[in-house]
Structures are given as structure tokens and as C-alpha cells.
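Engineer: Chain by chain, the residues:
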Amino acid sequence: MKDISTSIPKMDADDKISGRALYVDDYPFDDLYHAKTLRSTKAKAKIKNIHIPELPDDYFVVDKFDVPHSNVVKMIFEDWPVFANDIVNYIGEPILLICGRDKTIIDSILNQIIVEYEDLEPTFHYVKSVIHKGFVKGDLNQAFQEAIHLIEYTYETGYQEQAYIEPQGFVAYLEDENKVTLIGSMQCPYYVKNAVIDTLGCKEDEVRVIQPAVGGAFGGKEEFPSVMACQLAVAVKKIKHPIKMIYEREEDMLVTTKRHPSKIILKASIDMLNHITGIKAHVSLDSGAYIGLSGVVLSRAMIAVTDAYTINHLDVTGDVYETNTVPNGAFRGFGAPQMIFAIEMFMNHIAKKLKVNPLQFRLEHLAHQGDLTSTSGVFRDPIIMKPMIEKAMEISGYQEKYQKNEQNNNFKGIGMSWFLHGCGFTGSGESKHIHAKVKLRKDEHDHIYLLVAAVDMGQGAKTSLSKIVAQTLELPMSDVSFDYPDTDFITDSGPTVASRTTMIVGGLLARAAQQMKDTWKPHEEMVVTMNYEQPDYIVWDEDTLRGDAYPAYSWGVNIVEVEVSPITYQVTIKNIWSVYDIGKAIDEKMALGQADGGISQGVAYGYLEVMEHKQGKIRQKNMTDYIIPTSVDMANTKTVIMDNPYALGPYGAKGIGELTLVGGAPAVALAIEQAIKREVHQIPATPEYIMELMNHDID
Amino acid sequence: MTLIKFKLNGIDCEIESDPSLRLLDVLRNHFKLTGPKEGCGEGECGACAVLLDGKIVNSCITPLANVHMKEVTTIEGYRETNKYQVLKEAMEFENGFQCGICTPGMMIAAESLLSKNPHPTEEEVRIGISGNLCRCTGYNMIVKAVLRASKKGEGIW
Amino acid sequence: MVNHVIPNTYLDALRYLSDQTFKVIAGGTDLMIQKRGTRETPPNFDSNMLYCFNLKELNYVHKEKLHIHIGSMTPLEVLLHHQDIPEIMKQVIAEMASPAIRNVATLSGNIANASPAGDSLLSLYLLNAEIVLESLNGKRVLPIDQVITGPRQTVISKDEIIKEIIIENPKFSKIQWTKVGGRRADAISKISCLSAVQIKNNKVIDFRLTLGAVYKTVIRSREIESKCIGLTLDQLKENKNTILSLYEGLIQPIDDQRSNRIYRKKVALNIIEKWIADL
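Heads up: the sequence lines are chains C, F and H, in that order.
Sequential numbering of the first sequence, starting at 1, is according to my numbering.
Sequential numbering of the second sequence, starting at 700, is according to my numbering.
Sequential numbering of the third sequence, starting at 857, is according to my numbering.
Just chain C, same shape as in the assembly (with noise of 0.2 angstroms):
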């Protein structure tokens, strides 16, 4: 049987090359009404009155008044309201919606509206926690006491904007008097789904949901639609006429999720061998005005603290501070960036301080298979990070470049990065709040279908879990379609994200075709569903945060090339070589553009996007001003996939979707770290950070 990693010709090829593939804002509709929303000027404060001029005929306000049921956004944690209740808490935060046919009027209404603020003192910065979590390993104290070196280091992250090309958007319409039909750019028809259903206090057959072709996500369209959603559903139902809202880029930019900002203080026990015996670590993050689904990035981003390491004593905790700023959501690693370029650095600056060479430092700490994770769960699975690691600095002529950068002032720096990506949701999530269901259906023609909630989001989905239904089914790939997730057909395999999709649903999938297959009826109609079953040795306690967060953990090294100008400070990226271990690509082509593109995304985050507040209003607000790499801005790049097939996975698949993304920024860091001879402590590493570096002789 053919390798499944032998890449093929993808399943929405045509469509999308050609320009027919549908986006929400392309689907044809007679006489549409347009909704805009109008948001708070103010990042807190009490509304004290709202003056809207008379309305012209069939033109309409829906606001809190309008919400049948809750007016409260159904997502992990439930304090995001749909419309703003009497007090506001960032700026854009959306109080009520315009809807009716013309946008000119729209916007003529919304310029005339009068809010009547009571200003409050707002919180910024990290202040107010409203999240705080521990876990402990070993005993730190005892190794602290036993320290002959105690070293820290605080390390800031800021904002990143997802900044796909397709702004966020839906479309409502009523199917009859009481099924609400939604179409949408999201990443999870249910959360949509549920969401609404729980905003309108309806059935569970009164709502639609639908996916469109979705034009990039990263996360960002994660959680954030649902607030979309249940905004029109709520004026669908009361309008009772399609509503279409796509919002302004700009508008994109200032008002939905971006990654968490953060500070993470990190303090390690050094014995007399230059060993790391132990880590304290504390990690802050900004969520914002609301907390969403920060708890969980936080639980991520303190398990990721050791990262590709065992350290034996732990002392994390971390806090989520709420700030009167947009709330900040889920973005590609989810906590894990944040922490990887941390401990990364720390590696690094460790082995300065002590004076030995960094790399063998590192290889000392290396996890290996059977030992020990964070949170005290064990590492089962084999680990090949040192042939990884041989292999990414061999295709990169890494020691000897490292070595003449050292000895020279040439403004060339090389970095490497090391990191692992837990696969699938933290935690209990799978067992416990999403119990994936996959459905598969042959027809009398033997043609098979995918019934998933998996979203192609670009990622491939669409293809890949459809080969891995081919292949276990020996079919031909025409012999089998995946449509997209449409609530009325199929059923809850749960959200298209923490890197779940191939090893998760896919496994899934997988053993539904098998069972089709053992159990074929030729020229019959079949449909099978398959369950997912959590492993009974995978064992987590969520209040402690101890025991397997992940079922399995998928392995990456990079390595950045740069040159800095010490003319301009800019940083110019010369090359990029990485090596991942993800058990098994499903399709080899696919997995090397997921590379490309999370590393983009992964260095530009260390070095190149800016975004920054001022008193809660955020100041890079469009695609001139929040800058994002072009062509000429990427280097070339070299991406090396090594076999290690997981038992549990398809065809030995782990998880790929977050992976390429969390060792960009490290990596890119250490690189302008060497040539710049100064040490960096925060990202993005700016040319106006690097100025300031290299203007002061002493750290």
C-alpha cells in the first residue's frame, strides 16, 4: 500500500485557484440587510443613556433588550456579553447593532447615536488577577536551599494580531419562523452552535450552523464568532430578514482577540555541576476585558515551562489579569510562544551567567523518553530530538556559523530553538467537555462521506482526513467527499483546534473506516459512528494541574539566520531550517506549507509585528500600520520531517496545526541576541528595541 505521506493533489485545488470558491461575503443573496455595530468610545465606564435619532422605516436597533434568553456568550468561561450590559469594558466593546439595507444610512445612524458615558477608572497593566493557578514537582525548596547558583530573568511578550486576509463575517437568515440558518468564517460550528442556542433559549433543530470556505483563522476565529453569531441571531429573530456583517478591517483589528500578552519571571537553582535542579516560574497574562478562554491558555502556557527539558522541581503559577483592553483569545500555540520564547532564552542566558558552552547546557537537560513531564505525567512515547537536532544543524552549517559569529563583529547572528506542542485539547477537555464524535456514511453508489465538524481553514483538513479515509478503505480519493460541516448532517467532533484535527478526529475517522470496512456492505447504505475513548493510562487532575495534560506531544527544532544592520537596527532574515517530528505526515506537501507558514508567522512574532495600546486604545489598527512579512520579507527555508509514528494516532499522526509556530520567535531572538552581542529579554525584538540595546554598553 502507498505511503499515506506521498502527497496528492488537494480536494479544493480547483475551487480555490480558480476564484469559486465561496467566502461568507460571496455567497449570492437577494436583498440583503447589512448590520453594524456601535461600540464604546470609552475603556470603562457606566452607560448612562443612549439617544438614537428616529430610524428611517425598516431600519432597526437590536440591543441587550432584544436577547430572548442570555445575553451572556456561551464559550469556556461565561462573562463575554453579547451586548454590553450598563457598564463597558474596553474600547469596541459592541453595545448595539444598526441593521437595514442601505450601509450609507447605517452609517449615517450610527455617526448620529449620542452614548452618555459616566466615566469609571479603568485597569490596565498587570493588577487585578482574576485567574490564578499553581502546580508543584519534586521540592523546589529543598533544591533552592541547595543551590550554589540562583538565577532570574523576567521576559515580555506582546500583543499578535491573527491578521488573516478574510475579516471576521456572517450571514443570518431565518430557514422558517423558528430555525435561525448561520454562515460564517469560524474554526467551530459548535461553539456556534451551542452559543446561540443558549443565547436564544431555543431547541437544539433551531439552529444552523454552516461553514463556508473560511479565509485563514489561527484561532482567531476560534471563540470570537459565537459573539458574532449570537449578536445576529438575535437580530435575525427579531427582524425576521437576512442579515449579513462582515466587519471593517480595521474594525477587525481593534475589537476582536489577539494573542495574550505577557511577563513570565523565571528563576532557576543551579548545583555545583552547572545543572538546573530547579525552576520557579511565575507567567502573567493579559486577558483583557473578559475572561474567555484565558484560564486555559494560561494551564498551557505554565505546562509548556519546561518545555523540551525535564527539570525535576517545579514551583509555576501563574496569573490572568483583567485590563480594560479588547479581550485577547486564541491564536496558534496558545500560551505556549509565550513560554517557549521564555525558557528558551533563559537556556541561553543561563549558560552565559555560568559561562559554559550553550548547546552542550541544553543537551544536558534534554527529556528523554520515560521521564518525567511538568506536570508529572510521563513522556511514554520515543522522543528524537537529538537526531533532530544533529539533522537541523547539519542542514544548517549551524557550529561553524555559530562559531564565526561568535568570534567576529559581523552583525550575524544564528539561532536554535527547541520545543515541543502537547497535541490536543489541555487537560481532561477531550474526555470531558468534548467528547468527539465522528460519523461516516457510504451510499448505495459507495461513494463515502465525512459527517465532521472539522474546519479547512487552509490547513487541509478537507484533505487530509479524507485520505486517511481512502486509504484505510483502499479507495480511490474521488470515491470519497468532504463537505463542509453543516450542523444539519453531521455531527460534534469538536473544534478545529489545539492541534487536534489529524490526531484526534483523524484517529477517529480512522477506526470508523476501519469498522466500515470490516463490516462493508457493498451497493448498501452504512453509517458509522465512532466515539472517542480516552486511553485509561492517560490521567489528569485538573485542580492540581499533575498527571498526562496531553496524550502525546509532538517535537520541533529551528534554526534562524539573520543579519542586523548597525546602521538601522533592521533585522534582515537570511535563512530558516527546521526539523519536526509530528509522528507521520499525512501529506508531506501539506505538512511543509503548514512549516512554512507557522515559522512565518512564528519569527515575524519575535521580531516584526507591533502592536501596542495607549489607555485601551490599540494603535496599529490596519494592514499599513500592523505589519505582517510580504514575499520579500521571508527567507528561503529548509524543513526536514522525521518519521516517528505515535501508536495512538492515524497512521502514526500527532498533531501539526500549532507546532511550526512556537520555536519562531526564540529562535529569531537568540539569532539577534548573537549578533547584536546584547542579550534580548523581550519580544518583538523592534529595530527601535535593538537600538536601545546596542546604546547601552551594560545589560
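The list that follows gives simulated cross-link-like pairs (lysine to any residue, SDA-like), each with its CA atoms no further than 25 angstroms apart:
#	chain 1	residue 1	chain 2	residue 2
1	H	Lys1072	C	Arg619
2	H	Lys891	C	Thr624
3	F	Lys731	C	His241
4	C	Lys386	C	Leu354
5	H	Lys1121	C	Ile567
6	H	Lys891	C	Asp25
7	F	Lys815	F	Glu788
The set of hints was computed from the structure by calculation and includes no laboratory data.
Given chain C, work out where chains F and H should sit, using these hints.
Structural biologist: Chains F and H in isolation, oriented as in the chain C frame:
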């Protein structure tokens, strides 16, 4: 209101219109084309790119007046050509698309480049698509696809 | 109610301008963004608009012995590949915006927009550009630094249109263009510097330096340049610090969402220092 005459995807068109309308809106709302997309509305992302007399422009910042007596080509027109076939096969082979939202614009950019420079260097390809933002692919596979198309399409451009 | 007019000929355009107040729009890449409304709505033009981009009579490049005449509606991308356009101007244009923007952007649009960060303006200042302004009443020819008086401010009258840009075509021994943007394409300059020298027999016989995005308008100081002209190369380098402090006095950068004033000043001076040191 002004009478604007132009060729759209090879067909002569006339519309009586406010000449300040964004070409993007005229293409999408009047002519019901969905290939050009609004990604940013400020001529930065290139998702709205079309060919104007064979050269790439951002339709979101092109007033309808500026296409008067000219030829506009969108992906809908371009996909009927042989050059499109060569580029499409190359994009498929090199995996030059993921979510696809930037792809019609990238195809337009590639055509605009290759029609002027049939044998571009890698650097020239990167410059040719430098006004088209992609968040999914990191660009390299798109660059490879355009280079492949220029090789495979010997004599076409 | 605003009037939108697409003139058929250049003469028609002049007639319209003398008749009513119009804002002239060329490629539109500045005006369409500055006046834009929301998705699917037309720009909020609040004055009569005269769409001149299609006027073929204004799309040309004519080279004479010492000067080059550029029609006001010639797109930047055409200039980039035109054999008669000086290398120094091509280097600047090559890093501006994107191919799509360059296909419709024009020097005249850049002049009328008068942005403190406008890259092409540096080449116009350095090449002693003269701008031909024409109305039905006649023509006047003004040096570029008299046309642009401040950010978004020009002396162009209501009834005037930019007809032509005339630039010198001098010989330079060495030229330098540094654009510092947030990224390597599609970037608004944080700082920019265009400079040129002509050195003969070890003597500086021409020295020109322009700075962008660090003041309300492009900086070019004939005073400082005249101090450099006539020096030997060694003398120039010896006086580097004096020259730098003279330029420092002219630089008044700002803090904004792209960068800060400390960075802008330091980098501008770094660029000038390297330029002189490398000569």
C-alpha cells in the same frame, strides 16, 4: 452620473454610474463577480487585485472613472486562458495555496509579472507578489509555483 | 452634491478647472484611502472631482540634453523601467509600495499629497525638480521646495493642474538610497535618506543630501551642501561630525504608531555618517 465604458473579461460593458465608486464594489455588486475580495480596503493586502490593461491594480482603491476605455480582467476572465492552466497546475504541484483567500490576487500578480517578464528570477517573483499578503503559506511555495509556471509555460508569456 | 468629471482632453481639464473648483485625482492611491468610507461604499469625496489619470497627453517621458520632462500622469512603474529616467530615481521608486500601487501612482499625486514621508519627493528635491503648474490663464514653473510648503500643503491654485515635472540629469560618482520602513515592501518610511556626490580629482564638486519622514517636509539644506562642496574627500571626512551636527539641528522627528523620535534621529544620523565615511 457618467457613462463609463470598459471591457470586462473580454466583454464590452457600459454602465451609467457615479464614477467615484470603488471598482471592487462595481465588480462584486453590479457584475456579481466574487473573485476579487475585500481584505483591507486600503490597497495593502492585494486580495482585490485585478488586471487593468494587463497590469495589476488594487480594485478597492481604483475609482470606476479610471477604467474608462480600458480593459479589466478578473480571475473569472483569466481562468479561461491557457496561461491560467499553466499557473494553476504549478500552484497545485507546489502547494501554493492554503485558505485560498489571497489566491485569486496572487494569480493576477503572477500574470502581471510574467506578461512583462516571462523568465523572472526568484527575487523578481518575490517583488512581483510583494503587494499580495498571504498569512497561510509563508510565500515560498507560491514563489516556487510562479517559477515553475515560467519554466513549464515556455513561449506562452 | 459633488460633480464627477472625466475630461476627454487636457484642454478640457483646464477649462473645467477654470470654471469650477475641482480636486484633481490621478491614480487615486492616496485620495481613495484618505476619503474612504466603509465596506461597499464609495469614498466620501466632499469636493468636485476631476479624473485626469487617463489623459494620454500627460503620460510621457522626454529627455533633453540636461533635463528630463515627465508628464504628470505617468505611472511610477513606467518610470521604473524607462531608459531615460535616472538611476537615482529608479532606486527610490523600486522600494515604494507595491507593483499594484506603482502601476497607478504618479509623481504629481505624490507632490499634491505632500506627505512628510513621501519617498519619491526626495528624488525630486535632490534632482532640483521644477514643477510646471498650468491653468487656462497660463503656466508657472516653480522649484519643488516652493511648491510644497508643509504636510499636505502646496501652493497649487484652485484652477491649476500639475502638467509636468522637470528634473536634472547630472552625473554622480556615487549615490545612496536608504529607506527604513517597518518591512521590505508596502511600508511607509520611518526615515529615508537619498544622497549623491560627484567627486573629481579627489575634490567634492557636487554634494546633495535629502531626508524624509523626519520633518514636516523633505529636508535639503543647500547651506550645508555648499560647505561640503569644494572640500577634498579627506577634508569632508574630517568634518564629518560638524556636518552631522548641522543636519541634527534640522531633524525634528515625531513619535507615532510606527516608531519614535529617538530612533528616527539616531538612524538618520547613522545613515549620513556611513555615507560620508564610505565615500
